[in-house]
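Peer 1: Read off the chains here:
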Amino acid sequence: MAKRSAPEVNAGSMADIAFLLLIFFLVTTTIETDQGINRKLPPIEDVTDPPEIKMKNIFTVLVNKNDQLLVEDNVMELSELREAAIAFLDNGGDGSCTYCKGEKDPASSDNPDKAIISLQNDAETSYKAYISVQNELVAAYYFLRDRECKAKYGKTFRELEAMFEDPKTTEGVRLRIEPLIKDIQTMFPQKLSEAEPKK
Amino acid sequence: MSKFKKKKGSQTPEISTASLPDIVFMLLFFFMVATVMRDNDLLLQNALPKADQVTKLEKKDRVMFIYAGKPHERYQSRFGSGDKIQLNDRLSEVSDIRNFVLAERASRNPELEKVLTTALKVDKDTKMGIIGDVKQELRKIEQYKVNYTTQKGSVLE
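Protein sequence lines correspond, in order, to chains A and B. Just so we're aligned, residue 1 is where the first sequence starts under our numbering, counting upward by one. Just so we're aligned, residue 1 is where the second sequence starts under our numbering, counting upward by one.
Since the hints were made in silico from the structure, they are not lab data. Hints may contain errors.
Stated by the list, open to error - Here are the simulated DSS-like pairs of lysine-lysine, each with C-alpha atoms no more than 27 Å apart in a straight line:
id, chain 1, residue 1, chain 2, residue 2
1, A, 104, A, 54
2, B, 50, B, 121
3, A, 191, B, 70
4, A, 114, A, 104
5, A, 168, B, 124
6, B, 124, A, 191
7, B, 70, B, 152
8, A, 168, B, 140
9, A, 168, A, 114
10, A, 191, B, 140
11, A, 54, A, 114
12, A, 40, B, 50
13, A, 152, A, 168
14, B, 70, A, 168
What the hints assert, rightly or not - Residues of chain A placed beyond 10 Å of chain B at every Cβ, according to the derived structure:
id, residue
15, 44
16, 53
17, 165
18, 170
19, 175
20, 179
21, 186
What the hints assert, rightly or not - Computed Cβ-Cβ distance ranges for the label pairs, DEER-style:
id, chain 1, residue 1, chain 2, residue 2, range
22, A, 42, B, 23, 27 to 37 Å
23, B, 136, A, 75, 41 to 51 Å
24, B, 72, A, 42, 31 to 41 Å
For glycine and all other residues, C-beta sits at the position ideal for the given N, C-alpha and C.
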């Protein structure tokens with residue numbers, strides 16, 4: 001009895017293991033969905049008589065061909081842009097904005113309704129820099145909207161939006177939250193203007 | 001002597017193959033679930049930029065895609081290394097966008113025409129010049145809803 005034949009492995013439970021793995025992968029994998037920043041392009045219209053806008057109500061952001069930022073005539077790092085945009089939008093210089101918590105600096109924007117962010121990029125600007133700037137500016141709007149929405153309705157603006165977009169939300173709930181979204185949007189309207197790139 | 005021989009023969013028992021189908025099916029199911037169907041072959045480099053203020057693009061029937069970027073390395077000898085745009089499965093000019101959008105609109109449900117979104121899948125190293133042209137072209141045909149498709153991540157890196 002120097003060598004003994006190896007006993008056969010019971011393969012009956014193999015199927016169970018296989019199904020266990022299958023179910024594990026089924027649960028954990030998510031099919032990749034695309035995501036990105038939604039924007040709306042402005043219609044082409046010939047404005048013969050452009051409305052007069054005070055310089056202090058415009059927050060200019062320039063991106064040059066080396067992807068450097070010039071914000072309100074000062075060189076700025078991307079990491080500071082969000083703060084600067086929030087300070088500008090939330091300023092409430094003329095006192096008509098009751099919910100603004102800014103510094104009420106008379107040299108900055110009058111109220112969120114009048115405040116316009118103007119973004120201009122060069123034809124040589126990289127897409128990455130452009131998206132980064134867009135992202136920071138959109139984030140500034142979301143920050144303020146979230147803050148007001150939380151104070152007024154106890155939910156962030158993003159949560160309301162997600163609820164509104166969710167196909168599982170019932171029509172009744174949707175009708176109820178639509179005016180809330182509209183309300184917050186009028187408190188901080190997204191006035192982000194993009195100049196056509198300089199050739 | 002014969003007894004000794006018999007023992008030698010049964011030393012390597014056969015491995016049971018009864019579970020092989022299960023394993024194969026498991027793999028099959030896994031790949032079925034995990035694969036994302038790609039409608040068109042990409043001829044361009046397409047490393048998307050990162051952003052964190054993103055919205056999901058859920059409904060595929062309301063989206064059309066415009067790709068932009070440099071041609072893929074293996075196609076650069078044919079198409080050059082400048083920024084190009086791709087519609088469906090071929091490289092196109094900016095002026096082709098008009099017909100592309102009209103064709104996409106016609107192929108969709110008429111109710112969805114209003115909510116049709118253009119997803120711009122642009123390589124992060126693309127210059128803004130061509131993107132500006134694309135946007136201008138989209139404005140001309142009143143296709144205002146756009147989505148700059150990104151990867152999720154921080155912009156500050």
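Peer 1: All hints are to be evaluated individually against the structure, with a verdict given for each.
Peer 2: These are the hints, each one checked on the structure:
1. A:104 - A:54: holds (16 Å)
2. B:50 - B:121: holds (12 Å)
3. A:191 - B:70: violated (32 Å)
4. A:114 - A:104: holds (14 Å)
5. A:168 - B:124: violated (35 Å)
6. B:124 - A:191: Cα-Cα ~25 Å, so holds.
7. B:70 - B:152: holds (22 Å)
8. A:168 - B:140: violated (36 Å)
9. A:168 - A:114: violated (37 Å)
10. A:191 - B:140: Between residue 191 of chain A and residue 140 of chain B the Cα gap is close to 21 Å, so the pair holds against 27 Å.
11. A:54 - A:114: Holds, at about 9 Å.
12. A:40 - B:50: Distance of about 20 Å is within 27 Å: holds.
13. A:152 - A:168: holds (25 Å)
14. B:70 - A:168: violated (40 Å)
15. 44: About 5 Å separates residue 44 of chain A from the closest Cβ of chain B, which leaves it inside 10 Å; violated.
16. 53: Non-interface label on residue 53 of chain A holds, nearest chain B Cβ at 22 Å vs cutoff 10 Å.
17. 165: Check fails; 8 Å does not lie beyond 10 Å.
18. 170: Correct as stated: the minimum Cβ-Cβ distance to chain B is 18 Å, above 10 Å.
19. 175: Per Cβ check, residue 175 of chain A is outside 10 Å of chain B; nearest 18 Å; holds.
20. 179: Given a closest Cβ separation of 21 Å, the condition holds.
21. 186: Given that every Cβ of chain B is farther than 10 Å from that of residue 186 of chain A, nearest at about 20 Å, it holds.
22. A:42 - B:23: 27 to 37 Å: Violated, since residue 42 of chain A and residue 23 of chain B (Cβ atoms, about 57 Å apart) do not stay within the stated range.
23. B:136 - A:75: 41 to 51 Å: violated (29 Å)
24. B:72 - A:42: 31 to 41 Å: holds (34 Å)
Of the numbered hints listed earlier, those contradicted by the structure are 3, 5, 8, 9, 14, 15, 17, 22 and 23.
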